[in-house]
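Undergrad: Listed below, chain by chain, are the residues.
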Amino acid sequence: MTSVPTLPARRRTMRWRDRDALYGYLFSAPAVLGSLAFVIAPLIAVVWYSLHEWNVLANTFTFIGGENYTRMLTDAALHDSLWASLWFSLGVLVLNMTLALALAVLLNQHLPGTTLFRVLFFSPVVVSLVAWTIVWGFLLQADNGVNAFLAALGVTGPNWLRGSVTAMIAVVVVQVFKNVGLNMVLFLAALQGVPEDIGEAARLDGAGAWRRFTSITLPMISPTMLLVGILTLVGSLETFALIDVLTDGGPGTSTTVLVFYLYRQAFEFNQFGYASAIAVLLFVIVLALTLLQWQTRKKWVFHES
Amino acid sequence: MSPDQLTKPPTAQPSPGARRPVGRHSPRPRRGKRPPRAEHLGRAALVFLMVLLAVPFVFPTWWMASSSLKTTSEILRIPPTVWAESPTLAPYRDVFTLQPFAQQYMNSLYIAVAVTIGTIAVAALAGYAFARIRFPGANALFVIVLIGMLVPSEVTIVPLFRMVNTLGLIDTHWPLIVIPVLGAPSVLATFIMRQFFITFPGELEEAGRMDGLTRFGIFARIAFPLARSAVAAVAIFTFLKSWNLYLEPIVYLSSKENFTLPQALTQYVDAYGGPIWNVQLAATTLTVIPVLIVFVIAQRQFIQGLANTGLKG
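Sequences listed follow chains W and B, in order. Under numbering that gives the first Met the number 0, the final residue of the first sequence carries the number 304; numbering is consecutive throughout. Under numbering that gives the first Met the number 0, the final residue of the second sequence carries the number 312; numbering is consecutive throughout.
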């Protein structure tokens with residue numbers, strides 16, 4: 000008697016739940032099928048292609064096992080590009096983090112005009128990288144922009160894009176000015192999360208501003224710094240447009256970073272098989288950095304709670 | 000980091016820093032009994048430092064705009080003139096006569112709008128399903144989607160090019176719309192929508208269910224309209240990402256009337272491949288200024304949206 004009224008109710012719940020599961024599949028279907036078609040299938044394909052000699056122009060597609068990978072070991076141009084990537088990424092990392100932190104600290108001083116300056120420092124983030132790079136290409140000519148500015152100060156600037164070291168410095172600086180605003184805002188949020196009473200207590204104990212910064216502020220924002228650092232590294236590894244527009248990998252191969260070398264092999268030399276092997280290498284590097292980031296984030300969340 | 004750097008892996012929880020509104024200031028702390036005069040001087044020095052540091056951020060945009068008004072002979076003059084001596088709009092006329100620039104502008108605009116709308120639809124539906132609906136295999140399906148966050152677009156460009164080629168879609172806009180909406184670039188959006196819907200109050204859904212709404216009704220009438228902040232963040236970074244896309248257009252497109260803006264900007268070159276600077280800078284100005292205007296108007300939403308997605312992603 001008591002169970003009779005509840006039965007239809009329960010059945011209705013069951014039906015809702017079954018139908019709900021159906022909605023779950025329907026709602027997620029575009030994302031899931033899209034991932035299978037445009038992420039996972041291409042990922043498997045690129046590994047498969049990397050085991051082939053595949054020249055698009057000659058129309059060859061021959062299985063060669065690991066030969067593309069052994070070729071990597073002796074390919075001097077690839078080694079050059081790995082070195083270029085390393086210098087570029089390290090340069091971007093150090094300069095971006097330092098500048099972002101300095102700007103964030105400045106913006107956190109409650110100075111007049113802070114909102115305006117935050118907008119100015121952030122504005123290159125929303126500008127297209129190609130547009131930004133074109134303007135800097137113009138500025139970095141032998142006698143224009145930057146060097147004219149330096150000449151006004153009595154300094155003779157180098158022909159930036161014609162020397163291998165200065166070209167590397169140029170791509171690093173252009174990339175950093177483009178993106179530093181984002182890291183600056185992330186640091187600013189972290190700085191504003193630092194409780195002010197700790198600093199105040201240290202100040203009363205006679206700690207100077209620099210001491211308070213290095214002993215209190217830096218340790219407290221170090222998790223953000225680690226995270227932002229890895230994100231910056233991964234981003235620098237994926238930089239293509241800047242190199243293509245500003246230096247075309249040159250002079251020589253001095254700014255041919257890994258992604259640019261991959262593009263060259265595929266779409267200029269038509270070596271799709273070898274390019275796929277380079278893509279696998281790039282994927283492994285980015286994957287390692289990402290896993291490192293997840294690991295550190297897990298630790299960080301644990302400490303926070 | 001650039002917007003295209005935002006495709007970053009997930010986290011179980013957004014950072015505490017990401018939750019508070021970025022850049023809003025706590026009230027100014029009371030300082031101790033420092034001599035006010037020294038403090039004033041110190042603060043003036045800091046403002047001066049900020050002005051100096053702002054130069055490399057502002058100078059390029061100003062130099063771009065002023066140089067785009069120079070005649071061909073003036074732009075080559077050494078040393079360069081600070082202001083255009085006889086400002087001319089001729090470079091702006093050449094922008095449109097050397098290339099179908101208006102068409103290219105429209106291409107970029109409609110592709111970015113289509114990608115933004117498509118991404119919001121796909122990401123909101125999937126994010127809602129993974130956050131609110133219990134169905135068998137949900138976690139496995141979510142992992143399949145998340146793999147996209149680990150894959151830089153350069154890694155899969157060769158197989159995707161082959162796929163597009165096989166389907167006969169080279170030199171069309173289809174790959175620039177469909178792949179970003181369904182593939183790796185939309186995964187961060189799905190993740191952000193899921194993070195938002197996880198915190199969504201269940202009572203609201205229960206109320207909708209009592210009123211006889213279907214799951215789709217609950218999503219469309221209750222959950223999605225309340226997700227405005229997350230949708231705005233997704234819209235901003237998705238639009239910018241599509242608008243700024245470079246590698247994919249140069250791989251997939253070959254005829255000038257199909258080009259998108261970043262690709263078109265690099266095409267203002269003379270017979271020797273050297274850039275025609277004033278025209279190129281005029282085209283660049285036309286590309287950059289509208290985005291900067293929108294950014295200045297909605298700077299708070301832009302900075303918060305991009306920073307929050309940057310950290311969560």
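The hints are simulated quantities; they were obtained by calculation from the structure and are not laboratory data. It should be emphasised that the depicted structure is a prediction, and the values quoted were computed from it without experimental measurement. One or more of the hints may lead you astray.
As a list, the in silico SDA-like pairs of lysine to any residue whose alpha-carbon atoms are at most 20 Å apart [stated by the list, open to error]: (1) B/Lys-255 <-> B/Ile-169; (2) B/Lys-255 <-> B/Ala-37; (3) B/Lys-255 <-> B/Leu-212; (4) B/Lys-255 <-> W/Asp-243; (5) B/Lys-255 <-> B/Phe-199; (6) B/Lys-255 <-> W/Asp-17.
Undergrad: Please go over all the hints and tell whether each is borne out by the structure.
TA: Structure-based check of all given hints:
1. B/Lys-255 <-> B/Ile-169: holds (13 Å)
2. B/Lys-255 <-> B/Ala-37: Given that 20 Å is the threshold and the Cα spacing comes to 61 Å, the pair is violated.
3. B/Lys-255 <-> B/Leu-212: Roughly 50 Å separates the two Cα atoms, so the pair is violated.
4. B/Lys-255 <-> W/Asp-243: holds (19 Å)
5. B/Lys-255 <-> B/Phe-199: The given pair, whose Cα atoms are some 47 Å apart, is violated under the 20 Å limit.
6. B/Lys-255 <-> W/Asp-17: Judged against 20 Å, a Cα distance of about 52 Å means the pair is violated.
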